[in-house]
Amino acid sequence: MQLILRQGRVVDPTQKLNQIADVGIDDGRILEIAPKIRKSGRKEIDARGLIVAPGFIDMHTHLREPGHEDAETIESGTNAAARGGFTAVACMPNTSPVNDSEAVTSFILERAREVAKIAVYPVGAITKGSQGETLAEIGEMRRSGIVAISDDGRPVQNSQIMRRAMEYSGLFNIPIIDHCEDRNLAADGVMHEGYYSTLLGLRGINPAAEETHVVRDTILARYSSGRLHIAHLSTKFSLEAVKRAKKEKISVTCEVTPHHLLLTDAQVTSYDTNMKMNPPLRSQEDVDALVEGMVSGFIDVIATDHAPHNINDKMLEFDRAPFGIVGLETAVGLILDRFVRTGVLGIERMVEMFSTNPARILGLERGTIAKGAVADITVLDPDRQWVVNSADFASRSRNTPFEGYRLRGAPAMTIVKGRVVWGA
Amino acid sequence: MASLTHKDLLGIAQLTADDIQLILDTAEALKQVADRPVKKVPTLRGKTVINLFFEASTRTRSSFELAEKRLSADILNFSASTSSVSKGESLLDTARNLEAMSPDIIVIRHASAGAPHLLARECRSSIINAGDGMHEHPTQALLDALTIRSFKGRINGLKIAITGDIAHSRVARSDTILFSKMGAEVWACGPPTLIPWDFQKLGAKITGHIEEALDAADVVMMLRLQLERQHEAFVPSMREYYNFYGLTRERMRLAKKDTIVMHPGPMNRGVEIDSDVADAPFSVILNQVANGVATRMAVLYLLSGNAGLKPRKHS
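Quick note, the sequences are listed as chains H and X, same order.
161 is the number of the first residue of the first sequence in the working numbering; add one for each residue after it.
77 is the number of the first residue of the second sequence in the working numbering; add one for each residue after it.
By construction, these hints were calculated from the structure, which means they are not laboratory data.
Treat each hint with caution, since some may be false.
Stated by the list, open to error - Computed cross-link-like contacts, DSBU-like style, restricted to lysine-lysine with a CA-CA straight-line distance of at most 35 Å: (1) X/K333 with H/K396; (2) X/K123 with X/K333; (3) H/K406 with H/K176; (4) H/K474 with X/K332; (5) H/K409 with H/K531; (6) X/K281 with X/K333; (7) H/K199 with H/K176; (8) H/K474 with X/K123; (9) H/K406 with H/K288; (10) H/K288 with H/K407; (11) H/K396 with X/K107; (12) X/K123 with X/K235; (13) H/K474 with X/K107; (14) X/K277 with H/K396; (15) H/K403 with X/K277; (16) X/K107 with X/K145.
Stated by the list, open to error - Some chain X residues judged to face chain H by a derived CB distance under 10 Å, without partners named: (17) R197; (18) E212; (19) S226; (20) G229.
Model, not experiment: these values are computed from the prediction.
Every residue, glycine too, gets a C-beta built ideally from N, C-alpha and C.
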């Protein structure tokens, strides 16, 4: 046998597994899961005290290549992902050029084959150049390997085009991921509109900017065969709208980011541009609702919205700095420490949101370690204590709001197709 | 000698009522410098003050400059049009370059809220916020307070009505925070499109009806419509705005008999204020300007006593 992980706590919701076991891997696939595997492996790992889960998939990453290699590359971004416990990422199309064609999709996949130790699944644009006007060649991109479409960062404003995109993408059975934002309502806001934007004299983004598009999209999804996935959902009302749509059996799923689960707009008081992202940090009431939605299962996925920016671009006046923060190397530790260790969130739910559900939504043959499955495995150490230090990041960028956080719980090992690609 | 415990003056929000009292008392004492035949004291001799103005300003800039000169400071003036900022240099690089010249105090005006905070984090010099975006304009609020105190003898218990474009006004923010800290009843008045709902939490009562704001007011403060900060339509027209919010002689009757009218300038006569109100005896608009110099002298003096005492690490 190629590899055996000995006596870890195996957590796999697809098999309703949560027990101490050995995991045997051969030929890059899961060969056996048993309380005790008698045979020996060419490589054996002592996983006592660790959690062994199907590989984590970040379905919302910006790898920045092609075009913004000063902030991140496919190589540095996937290294950051591996270090953060992810065996795969889905990368958003807002590169330069935008991934709106077979050529760009192929370039990304080719680069990934050359330099990435983990799997890279490109997301294609909904419209050409993400300009919101004409549909991109979704079918051709699908043939080249995209797993979803999105105009993340430049969301489709025209409802008719959004409707057509939802209908058309249904043909290829890929989800349409929407960054929900009415750009007229958001105007030139730079933070959540509320007490703190008033106090700080910063232009507010009214939560209605997100909420109207969440509602719009769920209505459009009702009339189409497409599958809708709401990216980085951030307000209480948005969650209510998704809950309602789900109850009505509309095909909709949603994700939330660690920062929207942990930080509020109060953190902006220092004018720290690492607190600036879109959607912005919301109110405590919103945070509480999102945590509740995560626990209850209405939120399907935790995704990072890893958005690297060069330090020179980020060290500007708050209203001039770009939106976005890095997240690949902090997400797992934050959720383990702040929610699992504290008993708010069960480990099975965590694995579901990081692995099972992203795999299901993106239609990947991943997210499970059932016998015969590809051996993409994330190993977690729930007891390791560490301090977030951006200087250690594998990412090219350092724009994290969690600098200095003391956490208990961390990724311990990232295994892709049976090969250990990263270990603490 | 009394001094502020702060390294910087970034906003009124960071000041206590005692800090405010100290600044106002000091300003009161410094007012008499203007009445001397030689309008200069040696208080800041040998100290360097940089005036860093990224936004057009006549009143505030000349007020600071005069205050610095009367305190005998050495002055360097930078403005966005003459400095390397127009060549694309970042604020941070500008600040680091200026810092290398070892100034004691940097006075900054900038179109972005929080720009002075960025400087304060990076510089050992004391930073004075001379207006940052829509955030704060602390010396304006202090000079307004000095003016009110000199006419009314107090701030505590007064009804102060601030009317106009509250949303885009840094003066409205600083004034509201200061006046409510000092115990006044502050009313913020304007069309609902120009008052953030959460303005109440800064300590103001809010109303869309100027009659309610003016009713028995001790102080009437008018703000202009900040057309340069309004990228969308907030009011249908200047004419309609004047009809509903313009300060006229007739509306003034609602206020107390001994009310005073203030305006931080620049005024748009015939939009938010009628000429016969702006130029009336109860208008103290020019007293505000005179008090501005004394207030800025007080702030410069109080911060210079502390400059460099608590050097901050460069991060």
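Verification of the hints:
This hinted pair does not check out: X/K333 and H/K396 have alpha carbons roughly 50 Å apart, beyond 35 Å. Using a Cα cut-off of 35 Å, the hinted pair X/K123 and X/K333 is violated, with the two alpha carbons roughly 46 Å apart. Between the alpha carbons of H/K406 and H/K176 the distance comes to roughly 23 Å, so the proposed pair stays at or under 35 Å and holds. For the proposed pair H/K474 and X/K332, the alpha carbon gap of about 51 Å is over 35 Å, so the pair is violated.
Using a Cα cut-off of 35 Å, the hinted pair H/K409 and H/K531 holds, with the two alpha carbons roughly 32 Å apart. This hinted pair checks out: X/K281 and X/K333 have alpha carbons roughly 22 Å apart, not beyond 35 Å. Of the supplied pair hints, the one linking H/K199 and H/K176 holds, its CA atoms being roughly 25 Å apart against a limit of 35 Å. Among the hinted pairs, H/K474 with X/K123 is consistent with the structure: their alpha-carbon atoms are about 33 Å apart, no more than 35 Å.
Between H/K406 and H/K288 the CA atoms are separated by roughly 30 Å; this keeps the pair inside 35 Å, and the hint holds. Under the criterion of a C-alpha separation no larger than 35 Å, the hint pairing H/K288 with H/K407 is consistent with the structure, at around 34 Å. At roughly 54 Å between alpha-carbon atoms, H/K396 and X/K107 are farther apart than 35 Å, so this suggested pair is violated. Between X/K123 and X/K235 the alpha-carbon distance is near 40 Å, which puts this suggested pair outside the 35 Å criterion.
Taken as a hint, the H/K474 and X/K107 pair is broken in the structure, with Cα atoms around 43 Å apart against an allowance of 35 Å. Taking the CA atoms of X/K277 and H/K396, the gap is about 22 Å. The hint holds against a cut of 35 Å. Among the hinted pairs, H/K403 with X/K277 is consistent with the structure: their alpha-carbon atoms are about 32 Å apart, no more than 35 Å. Annotation: proposed proximity of X/K107 to X/K145 holds, straight-line Cα distance about 14 Å (limit 35 Å).
Look at X/R197: its Cβ gets to within about 8 Å of chain H, closer than 10 Å, so that hint holds up. Against a cut-off of 10 Å between C-beta atoms, the interface hint on X/E212 holds, since the closest Cβ of chain H lies about 7 Å away. Because the beta carbon of X/S226 sits about 28 Å from the nearest beta carbon in chain H, more than 10 Å, this interface hint is broken. Hint status for X/G229: violated, given a least beta-carbon distance of 30 Å to chain H, over 10 Å.
Going through the hint list in order, the structure does not satisfy hints 1, 2, 4, 11, 12, 13, 19 and 20.
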